[in-house]
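**Q** Protein chains in written order, with my numbering: chain C, 1 to 570; chain P, 1 to 319.
There could be a bad hint or two in this list.
[Said to hold, decoys possible] Simulated pairs of lysine to aspartate or glutamate, DMTMM-like, Cα-Cα distance not exceeding 20 Å:
id: 1; chain 1: C; residue 1: 183; chain 2: C; residue 2: 141
id: 2; chain 1: C; residue 1: 117; chain 2: P; residue 2: 304
id: 3; chain 1: C; residue 1: 202; chain 2: C; residue 2: 502
id: 4; chain 1: C; residue 1: 116; chain 2: P; residue 2: 304
id: 5; chain 1: C; residue 1: 183; chain 2: C; residue 2: 145
FYI, nobody ran anything at the bench for these hints, they're computed from the structure.
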Amino acid sequence: MTDTAEERQDPLLRITDLAIDYRTGRRQWTPAVRGAGLHVRRGEFVSLVGESGSGKTTLVQGALGLLPTAARIRGGSIAYSGVDVTGWSDQRMALVRGNYVGFVPQDPNTSLNPVKKIGQQVIEAVRFNAPGARNAAQHREAALESLRTAGLKDAGRVFHQYPHELSGGMKQRALIAIALAGKPKIVVADEPTSALDVTVQKVILDHLARLREELGIGILLVTHDLGVALDRSDRILVMQHGQIVEEGPVRRILENTTHDYTRRLLDAAPARHAGRLVPTSGVRAVPADAAPVLRAHALTKRYHLRGARGRRREVRALDGADLVVRKGTTHAIVGESGAGKSTLASILVRFTSADGGTVHVGDREVTGLDRRQLREIRRDLQFVFQNPFTSLDPRFTVGKLVAEPLQAFGLVTGRRERTARVVELLTAVALDESHLHRLPGELSGGQRQRVAIARALALNPGILVLDEAVSALDVSVQAQILQLLVDLQAEFGLSYVFVTHDLGVVRLIADDVTVMRGGVVVETGPVEQVFRAPRHAYTRELLEAVPGADHTGPGTIRAARANTSIAHQV
Amino acid sequence: MLRYLALKAGRALFVVWAAFTLTFVLLFVLPADPVDLLFDPAELNTVTPEVREQVADGYGFDKPVLLQYLARLGHALTGDFGSSVQSGRSVTATILDVLPSTLVLAFGALVLALLIGFVIALAATSTRRAWVRNLAEALPSGAVSVPVFLSGILVLQIFSFQLGWFPAFGDQGARSLVLPMITLAVPVSGPIAQLLVRSFATEFRSGYVTTSWAKGATRGGIVVRDVFRNASLPALTIAGITFGNLIAGSVITETVFARQGIGRMTQAAINTLDIPLVQGIVVLVAASFAVINLVVDLIYPLLDPRLRATLATGSPLTA
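Pulled out of the complex, with its shape left as it was, chain C reads as follows (with noise of 0.2 Å):
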């Protein structure tokens, strides 16, 4: 064997019955990490997979020493190669970080110091590291290096910009620069690529597999995303409630899943599935020749940024887009950020106005109506925003926040029949009574999109455009929105606009599908054609980035789904 050497030697990092307590009273810890434990060796790429709230973005800071003063180490301990550093002070952990370990975060839009210059960041980075004789012509060589060494061919021009002058992509390769700048052993990157677009989630984690392959170094990657966990890792780890519930090599975890909880992950990541989702009442009838109930011809908006001396730029957000949604079908439009997608839902229900096309709900024109003509629509057609965390009023109860638009449209007169009608909705999204008095900050994310959603119901539409509704939610969550969509569109007839960046999301819920760039639809047809036989290049990448898709063939996961709770069209 010749793994012997390797296995005597000390893991690049050692995690052992970690126990992390968060202050939540004055005396009163609450577990947030019991007793978990990880190794990564050299050369190994290891995920750490759990969803919101599992616990392991506080196991990774635990394991970095960046720990909030709000946290503590109950027990357990930490070891690089062996040296345990558990309880180390600031000062000597400030001689691991870096130095030892890279790491790399989750946003790079916020990570990067704003009001310096991208060069001037990894010197520091390379200084820190690499104290004594060197001078400044060699830590800005190395500086330089680094960024190239993190994918960065234009590094002498990135070195001289300031972060806002680059983009989410760019900027997460300057803070991959940043964690190799030390030489580090081991990177741990947590959601890196989270806040970046599929195609460019797939480049940076293209690297950083190859950095594992070419230097040699561990890498220790946290994600919620089993999908890209399941792509790039040689083991992994699924984190559940503060614990490692489960642990092992990829194949095995998919072939043969000891836990349920990994199991019913796997069977959420919308990737995975190859069919639509089926209402839970039975089968769904649409008839294939439905009318449009939503029609948007040669739409077109510009936003105007006036430049330098006079000079005018033009952005085109939208040019010349077309839309036909059917009735009681999903129409989704997909694209990467800047496609011009949340521009053209917020035109459909007039957030925002078009420069020039039309849009047309039923055969009525809503491009040219004045405000109670636009009031009128609105009740026919409603909005569900991205984020139930930031679009629900605070101070509102769940059953004021839904009563709201049925007040505000003087549908219901006495209070009773309003409760009895707010309920009815709330029943309508798998909530009950015992929610009504209920403020948002007290409900799950999931519960908080529900309550959106009931909301959005209230006035009887017909038609329900969703800007990213489930993207802020975790996979298991957003399943079970996704089936709750599914599930109302079979009961009241409901047509969907829906716009999302996730394509695994389009395959479970949509019928119809327009892919989107620059503001132009670059295709559109029936999700089946679309999938099977993209026409445009653009498609193609999308499909392709898409992380675990690769593990939907045949086989090993058609068995494991033989015996899922969500049924799906075969």
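Dock chain P against chain C, hints included.
**A** The following block gives chain P in isolation, referenced to the frame of chain C:
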């Protein structure tokens, strides 16, 4: 960039113009007969109609209001606010005599207040000890709750009468400036410190600080290298506004410490109903306030590259 400059300068000019117009309306238009205001109320009845007419003619009160306004505005543009009723000297000269002493006092107090604010914020952010942080965070509200006249008298008692380090009053030399400056700075340092403590704390929790920790930086290094510049930006805005308060606050300080300055002159001018002088003071104070805020607006893009970028390429996307 030019647009930004023009916009800010235009705004400053507007403030000064508005101050002039407002005082004109208040002092010359609203009173039933502005001539009444020009005489001592006790002697008003003894003034003959001929004299009144002469005075009205001299001040142009017999002309239509609009003409009066334009004439005064035209003179004001050349720096001529007429002459003081009391002393007969030119208003501009009278003000310029004392304005520097008030500006030096206000500016010194502002710098001192900023220093105090930064020291408190740095102490609260850099320390690892909870009690130091709590103490530093309690100081600002303490500073605010001490009124100027009280702290002024207290400072006088200790440093002047007891210790004899600094003169109790007068305006000769730099040493006489120390006590009024401290008195004026302490209460305004409170809000500045509070703002800075909060903005340092917010910035210290931000993403790029985590990145710096991960680079291997130490706490002190992070505060100085990363947090300081980002957290200082809001202090700049409040410093501009505070400057106006300081000039207003100088009334009390100058009275307590018997210094000459705008504060005391305003008080005297109002007491004696010296209308041209009051207007001159209001406009000049508004002008210095506008200049300070203009400077603040122009410094901003130098400190924040993001703002510089928006100025170069125009307004950012609104969608």
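**Q** Against this structure, judge whether each hint is valid.
**A** Checked hints:
{"no.": "1", "hint": "183(C) <-> 141(C)", "result": "14 Å, holds"}
{"no.": "2", "hint": "117(C) <-> 304(P)", "result": "11 Å, holds"}
{"no.": "3", "hint": "202(C) <-> 502(C)", "result": "14 Å, holds"}
{"no.": "4", "hint": "116(C) <-> 304(P)", "result": "9 Å, holds"}
{"no.": "5", "hint": "183(C) <-> 145(C)", "result": "11 Å, holds"}
Checked against the numbered hints listed earlier, the structure breaks none of them; every hint is satisfied.
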